[in-house]
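As a plain string of letters, each chain reads:
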Amino acid sequence: MNDLALLGFGADGWGDELLSGLWVTVQLAVTTLPLGLLIGFAVAGASLSKNPWLRRFGRAYTTAARGIPELLTLFLVYNGVAILLNAAWRWFDPQSGFVELSPFVAGVVALSVVFGAFAGEVLRGAFQALHPGQVEAGLAVGLSRLDLFWFIKLPQIWRFALPGLGNLWVNLIKDTALVSIIALNDLLRMTNIAVGATKKPFTFFLLACAAYWILSILSEIVLARLETRANRGIRRA
Amino acid sequence: MTLITEYGLALVSGAWLTLKLSGLALLFGACIAMPMAIARSSPRRWLAIPVRIYISFFRGTPMLAQLFLVYFGAGQYRHELQALDLWWLFRDPFYCALLTFILNTAAYQAELLRGGILGVPLGEVEAAKAYGMSAWLRYRLVILPHAYRIAFPALGNEVILLLKGSAIASVVTLFDLMGQTRAIFAKTFDFSIYLWAALLYLVITMLIVRLWRYLEKRINPHLYRQVMVTPAPAAAARGQTT
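So the sequences go chain by chain: A and B.
When the letters of the first sequence are read in order and numbered with our numbering, they come out as residues 1004 to 1240.
When the letters of the second sequence are read in order and numbered with our numbering, they come out as residues 9 to 250.
Check each hint, because a few of them may be wrong.
Example chain B residues on the side facing chain A (calculated, C-beta under 10 Å, incomplete) [what the hints assert, rightly or not]:
#1 G83
#2 K172
#3 L203
#4 M214
Hints were generated in silico from the structure; no laboratory data involved.
These numbers were taken from a predicted model, which means no experiment stands behind them.
C-beta: ideal position from N, C-alpha, C; glycine also.
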């Protein structure tokens, strides 16, 4: 069978299996993004807080989550959270059996933890780049803290944070490949399965790389557009 | 604690393999990255475009997929590689991981160094040209020394990223720090081994951060020199002491 037939759809071809893997990869990244951003905002808030304990927590979190390999974080979450979850479950219901964390949930949690730590640093830098006069002006006209965040801070830090967050998004897409190691049927794992059946490792892994590459390039195009839009009305030096 | 007395040595030997893998990859990668960065910033398109595609590919795809492409993919061309007498290289997981890491970090380092080259003030290059320096001499004496100084902090980030990324070597049967950790967990089911491994990785990355900060002060002393006895008013206003 030639290579093109191997990639076809239907019973003989692997095209549909690979596409389903790609879909899982995209789902993983898209689910992680809002969760990671939420953690990022929380960590940035903690790092900039007036409370020294919160500041210390923010610093410890970013140092640890950025210094540990993503793969190790994934195993920590996959095995560790499962143990915690089981302990908690037993506490409520001693007769219960062993509950297992789904690889998808473990993947989303681990990737969010990592994304949140890096995003926290990006957002902290963006908050610090905001001119203090902006906040003072908001306070002077009597905006509430929420309005201040929503109408003054967010639209402006968005512009500062976008390039950094864009890099993190591309990294996130690439990091999803690690989840294939804990048996989630993402693009890379489906490719592995296809390789096992067809004995064409180079063809299929090259194809997987190409798929990730296309995702990255598409992301970069969209991000460039977003950046142009975020910077509209800003005078360039 | 018995876990550490029993398996501590295995962890340390794993950490050594991690350091060896990433250290060698960074070194060889740096050797490839320099000519690539120069080619990438060249006005000649036939030089710049292939390097641009190379960099985009290696930065746009997961290193794990690249590792699989090298380690498993080579099997598809086994006869050809045996004919070329290169099979020993692709048969060994250590060499495959090393090759992948070299190709990967070369792309990242080239892009960072390109940023450094772009950051060299035009006046310096013009001054070098006015002295009648050849392009070779300009790069050797003016552009590259300054470009490396500019790119130095970013290169430190890449050192840590590669060290962390090297954990995927455990997937192709290598017993680096991550590989040893997974093996010990499979034997003991003791979760705390993951925490010890995390601690070890953290200590290594923190030491690298320290080392890099020290080196940066050594190669960029003009950026860190002590401010004179009476600090300039602007610097004092911003609370700068060093």
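Note to self: I'd like to know which numbered hints this structure contradicts. Please list them from smallest to largest.
What the structure shows: none
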